[in-house]
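Top to bottom, those sequences are chains A and B. Residue 212 in our numbering sits at position 212 of the first sequence; the count goes up by one each step and never skips. Take any residue in the second sequence, count from 1 to its spot, add 300: that is its number in our numbering.
Since the hints were made in silico from the structure, they are not lab data. For every residue, glycine included, the Cβ atom is placed at its ideal position computed from N, Cα and C. Warning: the hint list may mix true and false statements.
[Unchecked claim] Some residues of chain A that are not near chain B, with every Cβ distance over 10 Å (derived):
#1 A81
#2 L101
#3 L109
#4 P122
#5 I135
#6 A145
#7 S157
#8 R164
#9 W182
#10 R252
#11 I279
[Unchecked claim] A short, non-exhaustive set of chain B residues, derived as facing chain A with CB atoms under 8 Å:
#12 L355
#13 A435
#14 L441
#15 Q444
#16 Q479
#17 I505
#18 E508
#19 K511
#20 R515
[To be verified] Away from chain B, derived, C-beta distances all over 12 Å, residues of chain A:
#21 A74
#22 L78
#23 N133
#24 R270
Below are the chains, spelled out letter by letter.
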Amino acid sequence: MDAYLIAMLVFAGFYALMALGLNVIWGLTGMVNLGLVGFFALGAYASALLTTKLFWPMPLGWAAGAVVAAAAGAVMALIVARLRGDYLAIVTLGFAEVIRLTASNEIWLTNGTDGISGIPGPWRGDVSPPEFNLIYLGIVWTAVAVVFVLLARLSHSPFGRVLRAIREDEDVAAVAGKPVLWFKVRAFTIGAAVLGGAGALYAHYNAYIAPDGFAPLLTIYIVLALTAGGVGAMRGAIIGALFVIALLESTRFLSAIIPGVSPVQKAALREGAIALSLILLLRFRPQGLIPEKTRTKAFP
Amino acid sequence: MMQTTIGRRGALLGAAAAFSSFAIGGRAFSQTTPVVFGALPPLTGAGGPYGPAMLRAAQGVVEAANSAGGIKGRQIRLAFEDDQTNPDAGVRGARKLIDVDRVQALMGTWASSVTTAVAPLCWENRVPLFTVSGADSITLLPHQGHIFRTQPNSRLQIETASKWLLGKGAKRVFHMAAQSPFAQSSQDVMTATLGAAGGAVSGYIVYERDKTAFRSEVDTIMKSNSDTVMLNGYLPDVTILLRELYRAGFDGRRFTFAYAAPASVFGTLPNEVTNGLTTFQPSPDLNSPAFTRLKAAFGSTEVDPYSAQVHDHATMAILAAAQGGDATGSVIRDNVRKICQGDGEKVDNVTDGLRLIAAGRAVNFEGASGPCEFDERGDIRGTKFRYEIAEGGAYRVLELV
Numbered sequence: 001m002d003a004y005l006i007a008m009l010v011f012a013g014f015y016a017l018m019a020l021g022l023n024v025i026w027g028l029t030g031m032v033n034l035g036l037v038g039f040f041a042l043g044a045y046a047s048a049l050l051t052t053k054l055f056w057p058m059p060l061g062w063a064a065g066a067v068v069a070a071a072a073g074a075v076m077a078l079i080v081a082r083l084r085g086d087y088l089a090i091v092t093l094g095f096a097e098v099i100r101l102t103a104s105n106e107i108w109l110t111n112g113t114d115g116i117s118g119i120p121g122p123w124r125g126d127v128s129p130p131e132f133n134l135i136y137l138g139i140v141w142t143a144v145a146v147v148f149v150l151l152a153r154l155s156h157s158p159f160g161r162v163l164r165a166i167r168e169d170e171d172v173a174a175v176a177g178k179p180v181l182w183f184k185v186r187a188f189t190i191g192a193a194v195l196g197g198a199g200a201l202y203a204h205y206n207a208y209i210a211p212d213g214f215a216p217l218l219t220i221y222i223v224l225a226l227t228a229g230g231v232g233a234m235r236g237a238i239i240g241a242l243f244v245i246a247l248l249e250s251t252r253f254l255s256a257i258i259p260g261v262s263p264v265q266k267a268a269l270r271e272g273a274i275a276l277s278l279i280l281l282l283r284f285r286p287q288g289l290i291p292e293k294t295r296t297k298a299f300p
Numbered sequence: 301m302m303q304t305t306i307g308r309r310g311a312l313l314g315a316a317a318a319f320s321s322f323a324i325g326g327r328a329f330s331q332t333t334p335v336v337f338g339a340l341p342p343l344t345g346a347g348g349p350y351g352p353a354m355l356r357a358a359q360g361v362v363e364a365a366n367s368a369g370g371i372k373g374r375q376i377r378l379a380f381e382d383d384q385t386n387p388d389a390g391v392r393g394a395r396k397l398i399d400v401d402r403v404q405a406l407m408g409t410w411a412s413s414v415t416t417a418v419a420p421l422c423w424e425n426r427v428p429l430f431t432v433s434g435a436d437s438i439t440l441l442p443h444q445g446h447i448f449r450t451q452p453n454s455r456l457q458i459e460t461a462s463k464w465l466l467g468k469g470a471k472r473v474f475h476m477a478a479q480s481p482f483a484q485s486s487q488d489v490m491t492a493t494l495g496a497a498g499g500a501v502s503g504y505i506v507y508e509r510d511k512t513a514f515r516s517e518v519d520t521i522m523k524s525n526s527d528t529v530m531l532n533g534y535l536p537d538v539t540i541l542l543r544e545l546y547r548a549g550f551d552g553r554r555f556t557f558a559y560a561a562p563a564s565v566f567g568t569l570p571n572e573v574t575n576g577l578t579t580f581q582p583s584p585d586l587n588s589p590a591f592t593r594l595k596a597a598f599g600s601t602e603v604d605p606y607s608a609q610v611h612d613h614a615t616m617a618i619l620a621a622a623q624g625g626d627a628t629g630s631v632i633r634d635n636v637r638k639i640c641q642g643d644g645e646k647v648d649n650v651t652d653g654l655r656l657i658a659a660g661r662a663v664n665f666e667g668a669s670g671p672c673e674f675d676e677r678g679d680i681r682g683t684k685f686r687y688e689i690a691e692g693g694a695y696r697v698l699e700l701v
């Protein structure tokens, strides 16, 4: 049981990192990004390839994952500069699919749908699986803590206030003399870097990545995590990620104790229960568990 | 006000968590330590049509073993999780099975990506993994003997199919492949096998499996002057391809894997579209006693190759544990080959197997999917292949070789 809970907390850490990354782009700046799994995949592939093919040390691989995703984020932000709302959502969703299809087809680089296996993990093999889990738990939640502090500072800084102004009304921000595009590009880059870093960490924890793992399902989980936690608030992103993992995993046990239903019905009930909880949450608490406070102090 | 609302929510959530952990604790310690095996079939997602029957097959074996007294008097519990045909969800499900249920063997993973993602967890925790996934790369993983695959790998399947087509006079075969781990390796094997006997692959298209129209692809097939088209895809796309090939008036042989056109295809396509469609599959041994018994147990439900294989997974895990005298993962891993190959007495079901092992006799299990013999990498040997043709809304067996 302990090992399982620790593994799920590690997963929650990945989700929290992704929710934090998305929060900069969507929560603060108001740019809908349904392509977050694409940046996550870029980070994962970059780090996996650099460490397995060029034998880079892992921390460098993780950094490279963040840098590659950040670069893609910057380019993406320039391309979509004029798009808002639904159009932006569609384009970013398309971006993630392009990444996934590229990973499926460029077999010389990514090994196609077979995926990349045997990605090294810190001390994996030298320590027992439970110890490895604990080590990774430390790494992931340290990363969450560092990213949280940095992003919370950022969101309460003048820079963060400009991002929020852009979210509320781009034209007003522009009239106030703020270079809107430049701010958007930087926000997208920072968010994508966090997403890429999360992907890199994920690859080394799982030891295996394949295009199938970067399906839109994951994007939906993270968007839900952020919505549940509270869009805009950095604490909300972390609470939301924990909430989504708790929901995904607790439904396993709850569906198991319902008597008289077949396994298939249990699986369907489980998915239904997840959907229902989120609908109820959005219906009765649309601002999320931790709503954003817009009148901010200089420190979180 | 806001503070109290959050507090109440937190309290509710905490209560729910406490309640569920209580429930888990009760499950883990309530019985006199049954042996736990885990099944991780796809109950939802792309594998959804197969998972439920696979799980049912395993449950049937466990019930039979329990009524025969279990493993050395210990009852067996089958825990299961839905892998959602997704590697991320599969890993979380496997974590739960291995860490919470403490399963001693895992069986029934279907999608190759799920199997590859779950495999490291299995060998790190010394849990043998029985799988029906076909990707060649799976048994090449450093699995230290923990993987047993009852599905012949894709290379062997395609080679066998190509030779059969040659025997039926096929000269120009068009290869339509859904994007999958075995699209390219299938193409290589087909080119080599057909080429060596004077045939040829007349065209090769890899398509995205979520496509809903294949107009240009079908035009290419029509132009290629092929006598056979090999539909190397999955049920949703193959259904559309069959319809469009019919509309375009393709009169050659349409050949596909049985999993891509199970009997349910007759419900979605009219008979004139499906008539003449030839399917092949690594066949369960249709005439074996194990298969006949499984078929009787399934009643009106069709026994597909995957459920036959998972039936054998569960039987092998139970017999190996009984043979080794201890139901731990390592013991099961080391004893699988002792109970399914060699000179032992032939058995085809778990009840007889348990009885003979208890009597100290050597057994050789021959299952519903075939003789169940594994090479040193964990790949199955000596599987039969079955060819069927669709006629008037039903399949007729052409050959079992």
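Q. Holds or violated: is the Cβ of A:L78 farther than 12 Å from all Cβ atoms of chain B?
A. It holds; A:L78 is separated from chain B by about 28 Å at its closest Cβ, greater than 12 Å.
Q | Cut-off 8 Å, beta-carbon criterion: hint that B:Q479 touches chain A | A | holds (5 Å)
Q) Does B:L441 meet its interface restraint, that is, does its C-beta lie within less than 8 Å of any C-beta in chain A? A) holds (6 Å)
Q: Closer than 8 Å between Cβ atoms is the bar; does B:L355 clear it against chain A? Give me holds or violated.
A: Holds - the Cβ of B:L355 comes within 8 Å of chain A, reaching about 5 Å at its closest.
Q) Does the no-contact call for A:N133 survive, Cβ to all of chain B over 12 Å? A) violated (9 Å)
Q) Holds or violated: B:Q444 as interface residue toward chain A, Cβ cutoff 8 Å? A) Not OK, violated: B:Q444 not within 8 Å of chain A, min 12 Å.
Q) For A:P122, is the shortest beta carbon distance to chain B beyond 10 Å? A) About 14 Å separates A:P122 from the closest Cβ of chain B, which puts it past 10 Å; holds.
Q: Grab the minimum beta-carbon distance between A:R252 and chain B and tell me whether it stays above 10 Å.
A: Violated, because the least Cβ-Cβ distance between A:R252 and chain B comes to about 6 Å, which does not exceed 10 Å.
Q: Verify that the Cβ of A:A145 lies farther than 10 Å from every Cβ atom of chain B, and report whether the claim holds or is violated.
A: The claim stands: A:A145 keeps its Cβ more than 10 Å from every Cβ of chain B (closest is about 21 Å).
Q | Consistency of the no-contact label for A:I279, given chain B and a CB cut of 10 Å | A | holds (16 Å)
Q) Minimum Cβ separation between A:L101 and chain B greater than 10 Å? A) violated (7 Å)
Q: Evaluate the condition: distance from the CB of A:A81 to the nearest CB of chain B exceeds 10 Å.
A: holds (29 Å)
Going through the hint list in order, the structure does not satisfy hints 2, 10, 15, 17, 19, 20, 23, 24.
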